[in-house]
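Chemist: Chains H and P, in that order, give the protein sequences. Under our numbering, the first residue of the first sequence is numbered 556, with each subsequent residue one higher. Under our numbering, the first residue of the second sequence is numbered 11, with each subsequent residue one higher.
Note that these hints are calculated values from the structure, not bench results. Incorrect hints may have been included.
For the chain P half of the interface with chain H, some residues (derived, Cβ under 10 Å), not all of them [to be verified]:
no., residue
1, 14
2, 19
3, 38
4, 42
5, 51
6, 101
7, 110
8, 112
9, 113
10, 118
None of the values given here were measured: they were computed from a predicted structure. All residues carry an ideal CB built from backbone N, CA and C; glycine is no exception.
Take a look at the letters that make up each chain.
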Amino acid sequence: DTEVTQTPKHLVMGMTNKKSLKCEQHMGHRAMYWYKQKAKKPPELMFVYSYEKLSINESVPSRFSPECPNSSLLNLHLHALQPEDSALYLCASSQDQAGGPADTQYFGPGTRLTVL
Amino acid sequence: DQQVKQNSPSLSVQEGRISILNCDYTNSMFDYFLWYKKYPAEGPTFLISISSIKDKNEDGRFTVFLNKSAKHLSLHIVPSQPGDSAVYFCAASGRTNAGKSTFGDGTTLTVKP
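The following block holds chain P by itself, in its conformation from the complex (with noise of 0.2 Å):
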């Protein structure tokens, strides 16, 4: 059973416009999320996360969303740029699990100029 899901494998998106990749989870003792970026033959990258108490927490050009009624999540990138062409994993961990960060599968995204 398959506790994250990422149910889009890529996305294609035109340079400067927006990213939006989806994230879905069954566990409700989750309680922090993360996106990674993972370049190829390197190792993934944080990206920005959000605690269970907040719905939206923003970084610049990134900005995650957090429903926890409908346990999903969703990371949005504008405006896209060609560079954030990579591998974004959505992961969720738990205190009651701490250390054990349970990854989806990952969505290739690729930003088009």
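The following block holds chain H by itself, in its conformation from the complex (with noise of 0.2 Å):
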């Protein structure tokens, strides 16, 4: 199974409301990632939690705010975003962040953000 689910599939909020994605794998994998991508471009690296540890945060402003429960689950925690974060938000999970094939990541459909 290499599976990663994400909900919800869309999610349409306004700039004053506070939201929640979520991710999750079944595979054993101690690596999760959170990227967001815009149309037409490659996917964009905000979140890396290795061990249920936030390892890498690429400078993310503060109104995105990451959460890992448990080695499976990974939140995304939404509040007073700006139109301009409108983009689909992808969550990946890899066997390690050890690099070499460890760090091969399995991607989730994505959710489909649009901040009014």
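With the hints as a guide, bring both chains together as one complex.
Modeler: As structure tokens, this is what we get:
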């Protein structure tokens, strides 16, 4: 099973709303990732969790707050977003964060976020 | 400075022919390279990878070639099928920067029946 699931599939929110994106994997992977992808652009790394601890934060604004409750789950809490934050948000997981084949990432289908 | 470049935004080939997608990189610390395929409104799907200790890796219709001296890799798809029509991303990572795969901008492949 190489499946990463993400909910919701679509999300529309106002700039004052608080919402959360959820991601789950059952591959026993110990590294999980959040990416943001704009149309016709490559995925842009936001956060990396390794063994449930935040290991990489790519200088993401604080209106995005990640959380890793356990090794299978990854959340992204959203608050006071801007219209320019509208994008496809992708979750991924990999066996580890050790380089080489362990870094092969398996992506979820994404959440299409629209901020009004 | 873009460390992974896919210079062809799009490629169109006839069904049954070979598709060759190219990728160049500048960072000599990269030692692991991947290709992902992405359909619209879906997440990228891992396709094939190659370690820097190899120069070729084959998986069915897909073969990736790595030329370290030229810092160039390519993905060959043969024979191409209409279902291969998608955006293909090249990505690279290194042990000194584990977990931070650097992606190219992608090449849109269209396979015509």
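Chemist: Hint by hint, say whether it matches the structure.
Modeler: To see whether the hints hold, each was checked on the structure:
1. The interface hint given for residue 14(P) holds, since its Cβ lies 9 Å from the closest Cβ of chain H, which is under the 10 Å cut-off.
2. About 9 Å separates the beta-carbon of residue 19(P) from the nearest beta-carbon of chain H, less than 10 Å, and the hint is met.
3. Below 10 Å, beta-carbon pairs count as interface contacts, and residue 38(P) has none with chain H, the closest being about 15 Å; its hint is therefore violated.
4. Hint status for residue 42(P) relative to chain H: holds, with the closest Cβ pair at about 5 Å, below 10 Å.
5. With 10 Å as the threshold, the beta carbon of residue 51(P) comes within range of chain H, its nearest partner Cβ sitting at about 7 Å, so the hint holds.
6. Annotation: residue 101(P) was flagged as interfacial toward chain H, and the flag holds, the nearest CB pair being 8 Å apart, inside 10 Å.
7. For residue 110(P), the suggested interface contact is upheld, since its CB lies about 6 Å from the closest CB of chain H, less than 10 Å.
8. A hinted interface residue such as residue 112(P) counts as satisfied when its beta carbon comes closer than 10 Å to some beta carbon of chain H; here the least separation is about 9 Å, so the hint holds.
9. For residue 113(P), the interface hint holds, since its Cβ comes within 10 Å of a Cβ in chain H; the closest pair sits about 4 Å apart.
10. Given the 10 Å rule on beta carbons, the hint for residue 118(P) holds: about 9 Å separates it from the nearest Cβ of chain H.
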